[in-house]
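Based on the sequences and whatever the hints tell you, model everything.
Chains as they are written, first to last, in UniProt numbering: chain A, 1 to 220; chain B, 1 to 220; chain C, 1 to 220; chain D, 1 to 220.
There could be a bad hint or two in this list.
Because identical chains cannot be distinguished in the list, a pair is counted as satisfied if it fits within a single copy or across any two copies.
[As the list claims (entries may be wrong)] Once the Cα atoms are required to be at most 25 Å apart in a straight line, the calculated SDA-like pairs of lysine to any residue come out as:
#: 1; residue 1: K170; residue 2: S78
#: 2; residue 1: K144; residue 2: N111
#: 3; residue 1: K144; residue 2: H208
#: 4; residue 1: K170; residue 2: G196
#: 5; residue 1: K144; residue 2: Q199
#: 6; residue 1: K170; residue 2: W28
#: 7; residue 1: K144; residue 2: H202
#: 8; residue 1: K170; residue 2: S48
#: 9; residue 1: K144; residue 2: L198
I should point out that these hints are in silico values taken from the structure, not numbers from a laboratory.
All values reported here derive from a predicted model rather than from experimental measurement.
4 protein chains.
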Amino acid sequence: MSDLNVDELRRQVCTLHAELVRNDLVAWTAGNVSARVPGEDLFVIKPSGISYDDLTPESIVVCDLDGTLVEGDLMPSSDTAAHAYVYRAMPEVGGVVHTHSAYATAWAARNEPIPCVLTAMADEFGGEIPVGPFALIGDDSIGKGIVATLTSHRSPAVLMRNHGVFTIGKDARAAVKAAVMCEDVARTVHIARTGGPLQPIHPDDIDHLYRRYQTAYGQR
Amino acid sequence: MSDLNVDELRRQVCTLHAELVRNDLVAWTAGNVSARVPGEDLFVIKPSGISYDDLTPESIVVCDLDGTLVEGDLMPSSDTAAHAYVYRAMPEVGGVVHTHSAYATAWAARNEPIPCVLTAMADEFGGEIPVGPFALIGDDSIGKGIVATLTSHRSPAVLMRNHGVFTIGKDARAAVKAAVMCEDVARTVHIARTGGPLQPIHPDDIDHLYRRYQTAYGQR
Amino acid sequence: MSDLNVDELRRQVCTLHAELVRNDLVAWTAGNVSARVPGEDLFVIKPSGISYDDLTPESIVVCDLDGTLVEGDLMPSSDTAAHAYVYRAMPEVGGVVHTHSAYATAWAARNEPIPCVLTAMADEFGGEIPVGPFALIGDDSIGKGIVATLTSHRSPAVLMRNHGVFTIGKDARAAVKAAVMCEDVARTVHIARTGGPLQPIHPDDIDHLYRRYQTAYGQR
Amino acid sequence: MSDLNVDELRRQVCTLHAELVRNDLVAWTAGNVSARVPGEDLFVIKPSGISYDDLTPESIVVCDLDGTLVEGDLMPSSDTAAHAYVYRAMPEVGGVVHTHSAYATAWAARNEPIPCVLTAMADEFGGEIPVGPFALIGDDSIGKGIVATLTSHRSPAVLMRNHGVFTIGKDARAAVKAAVMCEDVARTVHIARTGGPLQPIHPDDIDHLYRRYQTAYGQR
Numbered sequence: 001m002s003d004l005n006v007d008e009l010r011r012q013v014c015t016l017h018a019e020l021v022r023n024d025l026v027a028w029t030a031g032n033v034s035a036r037v038p039g040e041d042l043f044v045i046k047p048s049g050i051s052y053d054d055l056t057p058e059s060i061v062v063c064d065l066d067g068t069l070v071e072g073d074l075m076p077s078s079d080t081a082a083h084a085y086v087y088r089a090m091p092e093v094g095g096v097v098h099t100h101s102a103y104a105t106a107w108a109a110r111n112e113p114i115p116c117v118l119t120a121m122a123d124e125f126g127g128e129i130p131v132g133p134f135a136l137i138g139d140d141s142i143g144k145g146i147v148a149t150l151t152s153h154r155s156p157a158v159l160m161r162n163h164g165v166f167t168i169g170k171d172a173r174a175a176v177k178a179a180v181m182c183e184d185v186a187r188t189v190h191i192a193r194t195g196g197p198l199q200p201i202h203p204d205d206i207d208h209l210y211r212r213y214q215t216a217y218g219q220r
Numbered sequence: 001m002s003d004l005n006v007d008e009l010r011r012q013v014c015t016l017h018a019e020l021v022r023n024d025l026v027a028w029t030a031g032n033v034s035a036r037v038p039g040e041d042l043f044v045i046k047p048s049g050i051s052y053d054d055l056t057p058e059s060i061v062v063c064d065l066d067g068t069l070v071e072g073d074l075m076p077s078s079d080t081a082a083h084a085y086v087y088r089a090m091p092e093v094g095g096v097v098h099t100h101s102a103y104a105t106a107w108a109a110r111n112e113p114i115p116c117v118l119t120a121m122a123d124e125f126g127g128e129i130p131v132g133p134f135a136l137i138g139d140d141s142i143g144k145g146i147v148a149t150l151t152s153h154r155s156p157a158v159l160m161r162n163h164g165v166f167t168i169g170k171d172a173r174a175a176v177k178a179a180v181m182c183e184d185v186a187r188t189v190h191i192a193r194t195g196g197p198l199q200p201i202h203p204d205d206i207d208h209l210y211r212r213y214q215t216a217y218g219q220r
Numbered sequence: 001m002s003d004l005n006v007d008e009l010r011r012q013v014c015t016l017h018a019e020l021v022r023n024d025l026v027a028w029t030a031g032n033v034s035a036r037v038p039g040e041d042l043f044v045i046k047p048s049g050i051s052y053d054d055l056t057p058e059s060i061v062v063c064d065l066d067g068t069l070v071e072g073d074l075m076p077s078s079d080t081a082a083h084a085y086v087y088r089a090m091p092e093v094g095g096v097v098h099t100h101s102a103y104a105t106a107w108a109a110r111n112e113p114i115p116c117v118l119t120a121m122a123d124e125f126g127g128e129i130p131v132g133p134f135a136l137i138g139d140d141s142i143g144k145g146i147v148a149t150l151t152s153h154r155s156p157a158v159l160m161r162n163h164g165v166f167t168i169g170k171d172a173r174a175a176v177k178a179a180v181m182c183e184d185v186a187r188t189v190h191i192a193r194t195g196g197p198l199q200p201i202h203p204d205d206i207d208h209l210y211r212r213y214q215t216a217y218g219q220r
Numbered sequence: 001m002s003d004l005n006v007d008e009l010r011r012q013v014c015t016l017h018a019e020l021v022r023n024d025l026v027a028w029t030a031g032n033v034s035a036r037v038p039g040e041d042l043f044v045i046k047p048s049g050i051s052y053d054d055l056t057p058e059s060i061v062v063c064d065l066d067g068t069l070v071e072g073d074l075m076p077s078s079d080t081a082a083h084a085y086v087y088r089a090m091p092e093v094g095g096v097v098h099t100h101s102a103y104a105t106a107w108a109a110r111n112e113p114i115p116c117v118l119t120a121m122a123d124e125f126g127g128e129i130p131v132g133p134f135a136l137i138g139d140d141s142i143g144k145g146i147v148a149t150l151t152s153h154r155s156p157a158v159l160m161r162n163h164g165v166f167t168i169g170k171d172a173r174a175a176v177k178a179a180v181m182c183e184d185v186a187r188t189v190h191i192a193r194t195g196g197p198l199q200p201i202h203p204d205d206i207d208h209l210y211r212r213y214q215t216a217y218g219q220r
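Here it is in structure tokens:
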């Protein structure tokens, strides 16, 4: 494997964990970011149970696509098997993020998808944010649930029932963006609905917004 | 155009974006501030998709009142057409702000104006904060909806349906203040109403408060 | 007047405004702290419409107990008349704070006192936090409403209807503490009640807690 | 007693109070952390009514297991008797934390346990977070209520009715973690339930998650 490549990804993934904290997506140590090593059957991920304050690029560990530790002094995140499954099943995915962010997890605790009633949600998620099945940690159940749900929706985010959020992206930064936007829309739609009935957006308008945003937003 | 004037506005608009972050009005890159260049058919605005951390005065772009890029290395905000329309239609406006701040956007997701039940709301908004029409990005629809709604209300803020907030001011700082106060009253009135019926303020008292605040508050 | 005394109070009051910001009690410039000058018919207070970032001890102005500016280059807070009335009517009061903190103001927008269902609320407020009358700015109406309400309750905080919070204390720091605790209990009791019926505390227990806290808490 | 040991604990406990502030668990001075001195009938605890900003390792006081001040210049926390009772009754406990964190205290104000509907809650608490009895400060009532409730549940956190949260741990850091996670799940489950009925987790799954987390999470 290219050490240069891996070291750069460790730095990126270390820095991106600070975005989880800054955007109020995580409590204590409960959330993690990983990134696929391009051209290798490897990914880098947070070590288990380490405070975000104590994360360094060197502490980020390297795993193969079975989730087995390949390089690093610490045990990988307890969610490593789920990340590994996503990388095996979805070759276009370059980054995965997992959080228990409060508003998104609240929808998951009700087993209820977030309806698409905001143009920003149409832009980023292309429709509702779906709920995946209840699954226990310890085997491929969580990974299978994530992949089965995401491959049948445009959304880069899935709410795993009674658990929390997994997001994907072309790289780790895109997956972090999806995690931030998921909590933002989960919160806004929750607040909106506690005040009364939501105003729907027509599916054609959602399609229009999604296609435009995916091609025209940001710098080329 | 006066380079001195434009450079100073770029610095101001760059700094004011930090107020959007500090006041919790924006997630990721979703919000923007613009300022009209006095005496010119130009305004300065945030580039599209750039992190607030990475904004510099130099990265702020200059557009003409059709929203066409005139100066700058980056693509302008995807909301540039809406800002441009407001500057064309409302010559007294010197600054425009757009956010998806959560509580204000929640009212917009229900297509419901925020009732004026706080003296601070009477002061700044002179009555309810109105909702504008649903409009798709890509032409003048959003700009037209903003202008049609604001020209029939005293409020410097409009909630665009299923979308978010646009505010105006004599300059960019005043528009940012309106965006901050809009979210503050959207939140307080939301919290209030989840606990029971709201106590109205008599329209004459709203008028009295609005007139006094617009003339007597702050330093002369 | 003793310049030394006044200068020290200006420093204290300047610093205490930062506590309003840190404790999320204020948006933009909407909140102010004042302190009586001991042994003089004077108090120091925030100037009107100045950002908390820009406050300096020198910018804090001095007023007499009619609310007339005695020393300082800026216009005093638009709430000066209310502060002045409290100092005239309640000689034991050494500090006054005014905010529109969101949860407390939400109760005020419903004209509803906050019921005493927390031991911390019994400690600090000795019972419910009462609501004062609706009153327009511009004369002594607000001051009269504050004093009439506070003199008939043990609470150092009053929720002025459709407006916000005024708190008093033996000095400005005690009034700031009351403002912080008022928002904290307003938020906790609001959250509690949105989930179901509240558990009352027996009035005798409230009395016991209040008396103990007022004599036994903190350092002697 | 070992001065070295006590000094190290004072430093730890001082630092851990900053975590209460950072995680938004405390307003003003209302929350405290203590740590048992290993091998001694002593514990260290916050002094009463001191601002978190002003805490230093030297200001942390030492008490015996009756709650009597043994070393230090300041009066111990007004909650010292409750901490002392826990250390006397539960020899395996090395740290105790008390807060009035808003969401957890809201459940306590309704006398309602937090149902276990999140996998993260099963992990850390092994089931619901129980409510302890209403108890007045001044004798062993609070301590007895804490111990009676915690010894009949797996949860390291108890919601004392109309009061707030007490958490325990093998050391002070573990008790702080439990306090942070308690508020996090109290908030998420509150938000979830305001939106509709909660999805339960099967008790066997809760058992499975709890056992796994207690043995397999983090670094060995």
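Consistency of the hints with the structure:
1. K170 x S78: both (23 Å within a copy, 22 Å between copies)
2. K144 x N111: within (17 Å within a copy, 39 Å between copies)
3. K144 x H208: between (30 Å within a copy, 20 Å between copies)
4. K170 x G196: Intra 37 Å, inter 34 Å, cutoff 25 Å: neither.
5. K144 x Q199: between (34 Å within a copy, 21 Å between copies)
6. K170 x W28: Between copies, since 17 Å is at most 25 Å while 27 Å is not.
7. K144 x H202: between (31 Å within a copy, 20 Å between copies)
8. K170 x S48: both (24 Å within a copy, 19 Å between copies)
9. K144 x L198: between (32 Å within a copy, 24 Å between copies)
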